[in-house]
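Colleague: Here's the letter readout for the chains.
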Amino acid sequence: MKRPALVATTALLALLGTAHAADQPVIGLITKTETNPFFVKMKEGAQAEAKKLGAKLMTASGKKDGDTAAQITAIENMVTAGAKTILITSSGDAIIPAVKKAQAKGVQVIALDSPFDGADALFATDNYKAGVLIGQYAKAALGNKPARIAMLDLFPGHPVGAQRHNGFMAGFGLKANDAKSNELSSTAETVCAADTDGNQAKGQTAMENCLQKAPDINVVYTINEPAAAGAFNALKKAGKDKGVVIVSVDGGCAGVADVGKGVIAATSQQYPLKMAAMGVAAGVDYAKGGKKASGYVDTGVTLIAGQAVAGIDSQSVKVGTDLCWGKK
Amino acid sequence: MNTSLKDKLPPLSQLGPFIALAVASLIFGLSTENFFSGANFALILQQVMVVGVIAIGQTLIILTAGIDLSCGMLMALGSIVMTRFAVDYGLPVPVAIAAGVGVTTLFGLLNGLLVTRIKLPPFIVTLGTMNVAFAITQLYSDAQTVSNVPDSMTWLGNTFTLGGTQIAFGVVMMGVLYLGVDYWLRDTASGRHVYAVGNHPEATRLVGIPTDRVLLGVYVLAGVFYGLASLLSVARTGVGDPNGGQTENLDAITAVVLGGTSLFGGRGLVLGSLAGAIVVGVLRNGLTLMGVSSVYQVLITGILVILAVAVDQLSRKGDR
Chain G
1 MKRPALVATT
11 ALLALLGTAH
21 AADQPVIGLI
31 TKTETNPFFV
41 KMKEGAQAEA
51 KKLGAKLMTA
61 SGKKDGDTAA
71 QITAIENMVT
81 AGAKTILITS
91 SGDAIIPAVK
101 KAQAKGVQVI
111 ALDSPFDGAD
121 ALFATDNYKA
131 GVLIGQYAKA
141 ALGNKPARIA
151 MLDLFPGHPV
161 GAQRHNGFMA
171 GFGLKANDAK
181 SNELSSTAET
191 VCAADTDGNQ
201 AKGQTAMENC
211 LQKAPDINVV
221 YTINEPAAAG
231 AFNALKKAGK
241 DKGVVIVSVD
251 GGCAGVADVG
261 KGVIAATSQQ
271 YPLKMAAMGV
281 AAGVDYAKGG
291 KKASGYVDTG
301 VTLIAGQAVA
311 GIDSQSVKVG
321 TDLCWGKK
Chain R
1001 MNTSLKDKLP
1011 PLSQLGPFIA
1021 LAVASLIFGL
1031 STENFFSGAN
1041 FALILQQVMV
1051 VGVIAIGQTL
1061 IILTAGIDLS
1071 CGMLMALGSI
1081 VMTRFAVDYG
1091 LPVPVAIAAG
1101 VGVTTLFGLL
1111 NGLLVTRIKL
1121 PPFIVTLGTM
1131 NVAFAITQLY
1141 SDAQTVSNVP
1151 DSMTWLGNTF
1161 TLGGTQIAFG
1171 VVMMGVLYLG
1181 VDYWLRDTAS
1191 GRHVYAVGNH
1201 PEATRLVGIP
1211 TDRVLLGVYV
1221 LAGVFYGLAS
1231 LLSVARTGVG
1241 DPNGGQTENL
1251 DAITAVVLGG
1261 TSLFGGRGLV
1271 LGSLAGAIVV
1281 GVLRNGLTLM
1291 GVSSVYQVLI
1301 TGILVILAVA
1311 VDQLSRKGDR
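Protein chains in written order, with my numbering: chain G, 1 to 328; chain R, 1001 to 1320.
A few of these clues could be false.
[What the hints assert, rightly or not] Selected chain R positions facing chain G (in silico; Cβ < 10 Å):
(1) Gly-1281
(2) Ser-1294
(3) Val-1298
[Said to hold, decoys possible] Beyond 10 Å from chain G on every Cβ pair, some chain R residues (computed):
(4) Ser-1025
(5) Thr-1165
(6) Gly-1217
(7) Leu-1307
In short, the hints are calculated from the structure, not lab data.
Don't be surprised by glycine CBs; every beta carbon is placed ideally from N, CA and C.
Whenever a hint applies, use it, and build me the whole structure from the sequences.
Modeller: Pasting the structure below:
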């Protein structure tokens, strides 16, 4: 059923590509999904930068996270359409062979947000550092009390999940694996660990179960802000929302608003708009000067906290709101 | 009415979920400190109420030898519609709830019409509506969580105290729905027709039962249950979540299969699906309490599903 649509898309992209290839550098942006506000913001950044630099931007995405088949098709279509640079937030390592084929045809492929082997360059948040920042904050906010920590993770085997998890523990001063490890660390202080899929309902279920296991939890690490909102809900229903430090990662507008309301104590904000803008600029450079981008560029991460604590650098909710993505 | 005791006892495939539940509970009870408590069981019931109510609709459809892949996505769509109607348009809560349930019911009707009028296989029809519902949910919500839901809409998530244990009103609603549907399926003519259609549609039609009308009714009714599950989801989480429903989809089918309802139609108990849903919840809760990685939960659930289907198939052979 998908075939005719694909052929039509390819043909259309090819037309668009050839019409502009002569005068304008063509840059492709492939995101994990089209609807997630994080990627909407990313696309916005790419479009603005492309307009500024006079580049032609093509975009495509998978249906949901993990939809590598759609991303592979998009890579092939964009190469056919004459793209000289492809920016991609990888949904999984299944895209690597298609990336290699594109590179063999002289296309520069830059990974945004999610790393994979073989990309020319990576523009992304340092997820380990994002974890370290909230770990340090949680430690300072807790003070001298003995830590009883719930770790609300993504799902097993995801590198970003492991980096944030281990980074948090390192920041908290606990023994943890380094940034390269895909193994989730645990110590006596991490009294409970459960998966949330980054989803609010599952975050709530995970926290409820953790409270059954250890009713005296006083710090909650969460993989992202929807999971944090679910955890708060569980704590509130158990009458334990006071005095528990919830920390998270992302910096979406809903999450920053939750920091303002005291639902989340602090979150590490990342910058999708910047990733895409830098990617487009690198694409234009390559088209004009033939020089490929390389290595890893940290697009920055900022700790947004409802209440600043002594000894920890953080920004206010207002600063976070100015830079967030999604509905304000 | 002169049935012997043997006929009254359900077959092994239908006792299976209750045995699995007892065994799992025993293991977790012995290996963790906090598993056996009223509070923990009340919690597990709260955690499975959404999947449990979806599974009622799914059971009805599977009893007719169909399958509904759209159930979780319809639940998510219903919850987005009811929360947006209440929060963004400021409509009274009952109107908003009716709109959400109305949308899932309409989708049920659409599924039913495509299955009965155009004679499309339920698998394909609901694969299509699953995608349609997912896309509408994302577009209609801008992929954003709907928050600030009025308290009266989340009332079913509140609890009352019974014997020192806090029980959610939503759990009571789930129980009432299960008992009602169980009575309907066992003891009324229209309920028996559902089994008949699943067992042998042609013979059923020849004895004068309007099979298409029974089928259509089942799909519409399933849509109503998905809408009620939407309400429970909103009550439980306090938000309309566009990313909801993705795990509930397969969890509900898993619950029904674990519950001993035959995928070939015509055999099964709706109460088995409740036990199946609780088994999934007990595994998740118990393994977290034991500190075991969630991968093992997926592994065990997979093995149980295969066991359940195998027992059903073998007992079918025994019948013939």
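Colleague: Mind listing which of the numbered hints don't hold for this structure, in increasing order?
Modeller: none
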